[in-house]
Amino acid sequence: MTAGTSDVISGNLEETVSWFHEELGQNDDLVCRRFQVMGRYPAALFYFFSLIDQQLLNEDILRPLMQQPSEDLKRTLETKTLKRLLSEDVLHFGSLKFEQQKDKLVSFAMRGDTIVFVDGMDEAMVFSCRKVEKRNTDQPKTESVIRGPREGFIELLENNLSLLRYRLQSRNFRIKLLEIGQRTKTRVAVCFIEDIANPELVSDVMNRLSRVKIDGIISSGYLEEYIEDNHWSPFPQVQYSERPDKVVASMLEGRVAILADGSPMALIVPAVFSQFYQTVEDYSERYLLVSAIRISRLLALLFSLIFPSLYVAIISFNPELIPTDFAVAVAGGRAGVPFPAVIEILIMEVSMEVLREASIRLPVQIGGALSIVGAIIIGQAAVSAGFASPITVVIVALATIGSFATPAYNAALALRLLRFPIIILAGTFGLFGIVVGLIFIVNHMLSLRSFGVPYLSPFVPPSSGAVRDMILRAPMFMMKKRPESWHPQDDTRTPSAGGKGQAGEGAGWPTGGGAGGEGKGS
Amino acid sequence: MVSFCRKTAKLLAALLLLAGTTGCWDAIEIEQRAVILGLSIDVAKPRVDEIQPIAHPFGVDPSPDQYGYHVTAQIALPGRIPLGPGEGGAGGEKEKTLWVVGESGHSIDDAIANLQLEIAYRLFFGHVRVIVISEQVARSGLDHLNDYFMRNPEMRRTKWLAVTKGRAEDILKIQPPIGRVPTSFLVNTFEQSVQMGYLPNVFAGIFWSHAAKRGQEGFLPYIEKSQEENIRIIGLAVFKNYKMVDTLDGVGVAHYMALKGINPGGYYMVFPYKNSTITLFSTYRKSKIDVTIRGGRPEFNVHTFIEFNLEEKSNETFDVTSQAVLDDILAKATPAAEKHFAQNIAKTQKAGADVFGFGEIVRARKPAFWNKYVRTKENWQEMYKDVKVNLHLQGSIRRIGMKFK
Amino acid sequence: MKLVPLTKPQVIAILINSIIGAGILPMPLFPVRAAGHGAPLVTVLAFVFAYAALACMALLSSRFPRDNFVTLSEKVIGKWPARFFTFVFACYLGLLTAFTAREFGEVVITTVLKSTPLEVTVILMLVLGAVAARSDINTFAYMQMFYVPFVVIPAWLIVFLSMKNAEVLNLLPIWGNESGNWLAGILAVASLTQASFIITLVVPYMQNPEKALRTVTISILVTGTLYVAIVAACVGVFGPEEIKVLLWPTLELAKITSLPANVLERLDAAFLALWLTSVFTNILSTYFFTVNAFANVFKLKDYRFLTMFLLPFVFVLAMQPRSIVQMYTKIYEFARIGYLYMVSYTVIVLLIAILRGIRGRKDGQLLPENG
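In order, the protein sequence lines correspond to chains A, B and C.
Going by the working numbering, the letters in the first sequence line up with residues -12 to 509, in that order.
Going by the working numbering, the letters in the second sequence line up with residues 5 to 409, in that order.
Going by the working numbering, the letters in the third sequence line up with residues 178 to 548, in that order.
Just so you know, not all the hints are guaranteed correct.
Stated by the list, open to error - Pairs of lysine to aspartate or glutamate, EDC-like flavour, derived with a Cα cap of 16 Å: (1) B:370 / C:387; (2) C:421 / B:30; (3) C:179 / A:76; (4) B:407 / B:303; (5) C:478 / C:355; (6) C:291 / B:30; (7) C:179 / C:313.
Keep in mind that the hints were calculated from the coordinates and are not lab data.
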């Protein structure tokens, strides 16, 4: 660029227009519309037709600008500048901005805003009238519930933020926007509740995000890798969800949510291990039953991790642990199999993984039936062919099914793959191998931190408030405190004055009186 | 410098770990193991110098005993013991589920080593539930056996040891029609007897504990093969210092259990009364033993209380309709019972084998006396011969079944 | 990573895990050899002694709340004597780690993995401990806290499940029938608790260093009752004569145990697998202590590198004894001598500090930057 060019627009329309054409004119979807403001002032309108709402532009931008001014208006023109006149009297457009900086104008245009340059005005007008095709806010397929809201995030950030805002009408709910990705310039929103979330956590999140140097954010998964603490660990340290209710509940606990434009997955930090076996439904149903279900989920998780290796260890190393008759029967079942138990289990496990991957990509019509039938038939055939014993098939099937019980896919993935080293250890050292493997894994989890929070909170370090929601779900009236693990500022869920004070009325629990309670609490 | 050390240290650790994966030394597939369910120990049939020197060099006689051991094993045949409802049984012949095979040797371990050479698969002792010992071996001393079994980590302490009249391997060869696995049948004989109150719970671990104590001797179930494919517990084999010295008959077992107050009760008492025969069934036992030192010797007072059900009377010469009748029945029965009881105790005293554990009571409750005069097992074995035991049996007939006459 | 102070429950967990370790298997042998039927009483007395010794250490450490053992010794007895004595201390801790690993290896090789070479099991345990010892003090505390239930609960389970085979007569008379060498028995059991001297490493990181004595009380109470229960159960079930011929009475106790309804038999393999956890926490404690002690003696800031550096030495030490019999002889010798050394050194330093009226500063740099 020559030395004389500045980075703000001049008031000269022709100069500005030619500069703009130079910048973006190569794109054939850029439209340049020249017109006269109020019949008098030459102006030019720039927009990308692929991004804007044409009707809005016609009705609410062009029409008021091109209308002949009334007498009153002409008189007002004496007293005000054109800019003020336009913004205060003429235009009834909500999101009107004025901008001088050239590079900002370019990025606004790229974002889908309409830019209007008027001759004589040293600032351009920027209108947000973006309209992009979007899908319905339907129940997310990966996180469906029986009882609960059926809304899910979609790709557009505005819609997602609206889903959050209407659920959380607190004046302390903050949304901060960042732009990440040099080429994609994706808008990223960081959401939190100011008087609950720990300010150190929030600033930590903002720091990590601002340090991200990448050319493009396609989905929030990219962000996850950049902001997490430990890249090598198989365990996820960031939780993601497509459900606004889950995000809101997390924010109420003092966590921070991150949404990226173009991705329906919201990231929630900090994330600790106990989140990966809890679901939203746990809070909609009765607590006794839900506690039992949660325990079974946890058991399924544990089982899917060690069941095959337990089988290997007991059969090959310690058959004295199983009752005598069973031991001899198992020996009979294995008699025809040429491989040692370790190899047999490994073969079956690997085939199971391949089957699983394949069934994800099968078309829906064939997929369901084929995977079930295929699994059964293959299992049966393997037994008849003699390279697996029937008990092996049962064990592997149970372990695989158990791994589906984990609600969070990323955690389930971690446990699925950790199964293999433990099987190998079991094949080498028997029960000791399993214990050694488990100790390694647990030690790793204990040293893992997610944004400073120990990964195994609230198991260690224990906090009395969080323990109530750890394995069993305590009834709502017992969960008065927020989990201390991420040190929220306001750690009482219910306002203390609202509950007990009205003993005289006999209603201890504020139900409809949400307004009263909320007012006292904040 | 430090980072270099760190790198080499990490490398070293990784290499060390890699060494661990070079092989799985201990993995023996279950179908490669010969699972032994039961053992029997006999005196070796050929004389000792006729035993093949498979595991030790010829010409060197390693055992100072006069005879060797013949060890027989019941090996489970894989696949013949099915889980779930068996397919066999509806058809004809029942398949054999065990393979019974035996070998001789100069010592237990030698015999087992010879046995291993005969059997292709590695012998696995983790599931040995019962070991039958012939009376001949028992009378010559079990120290040898115990040493081997205690050192072997695969063996369980909860297995059953039993002494049998005659040759032990005959017991292992029985094929009872009930149940699929003969060993389970054997084990069940013992365990059910314990549950029904016929036998004190004296599995191997308890036997060793008893035998090791200074004031008590060990005992084992004494069985014999009866009828065709059956065994029967006929009493207890009384040991002194791991050598069998005597037996207590079936009633002796009842006396033992009564003295110890072991429940549930399970023995019958059959005796004549007023021209008919009454059968009483004991349901509950309670016992208290006191010890005093009199004249430099311990004297014991055994107060035993047993509850009975009247199960049978052989004719109608009298009616059982009042408490007086019940009390009278017992009053007549008790002296005979006490006499029999005293006889059994005297039997053990003669042998100097205190299976009842009187010595332990002295040691625990009169430690001063014990520490001064007894101290060792041998001393007690001697002293036991002269102690006085007073029996006070008491009974009560609680129920008479469903007939009221 | 920022460090946070340790809470009381964490310190209690650390102490409990340091005490319960490989020694729990042969443990009933010592009081039984000393007092026969009076073994439980001997165990109680042993823990009283251990409490007194550990309390001295706790008092000493909380007197100097922000000093580690080396610097507080320097303040009390002078720079070079302190360095020398604590260097011997650190070497002894390394020996302790080596012997624990060796004992563990021997038990595994004898009972379960009969064909695996001894070196492999020892290396496995040492590497596991060394890798875990690289963590900072918070992670170390979390680890101990996490594993405490897995260590304590199986032991109590074994005790309860074996009760049905116990005879009360075996536990009488309470003071036993023979007068063996009670002092030796007491010392032997007490010396099993010596790894708990790690409290001196832990106190500077505590939230409330003055509460150190209370943590000691609670942990000795917990482990003491467990150990007395184990001894009582062993004596009740086997009787002292039988115990004297067993190498690992606690393990035999587990062998007799069976779950109700015979769901699983021969629980000793499962029990051993869980016991591996307690050996691991023990070795983690002792090795962490060793490495930190050396780092403190040589004024090194970073102890992580030492975890790998000292590993070969510890391994060689562990392989020294030529047979299991020699191993146990050596362990008992060194354990007793070392324990007496630790205790007397602590008591002497404490007395001197009290007499000279020296205390440590309560303020001052609490936690090192890098942990």
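Okay, the hints, checked on the actual structure:
Between residue 370 of chain B and residue 387 of chain C the CA atoms are separated by roughly 49 Å; this puts the pair beyond 16 Å, and the hint is violated. For the given pair, residue 421 of chain C sits about 30 Å from residue 30 of chain B by alpha-carbon distance, which is inconsistent with the 16 Å threshold. Taken as a hint, the residue 179 of chain C and residue 76 of chain A pair is broken in the structure, with Cα atoms around 57 Å apart against an allowance of 16 Å. Under the criterion of a C-alpha separation no larger than 16 Å, the hint pairing residue 407 of chain B with residue 303 of chain B is inconsistent with the structure, at around 44 Å.
For the proposed pair residue 478 of chain C and residue 355 of chain C, the alpha carbon gap of about 54 Å is over 16 Å, so the pair is violated. For the hint pairing residue 291 of chain C with residue 30 of chain B, the CA-to-CA distance comes to about 7 Å; that is within 16 Å, so the pair holds. As the CA atoms of residue 179 of chain C and residue 313 of chain C are separated by approximately 10 Å, the hinted pair is consistent with the 16 Å bound.
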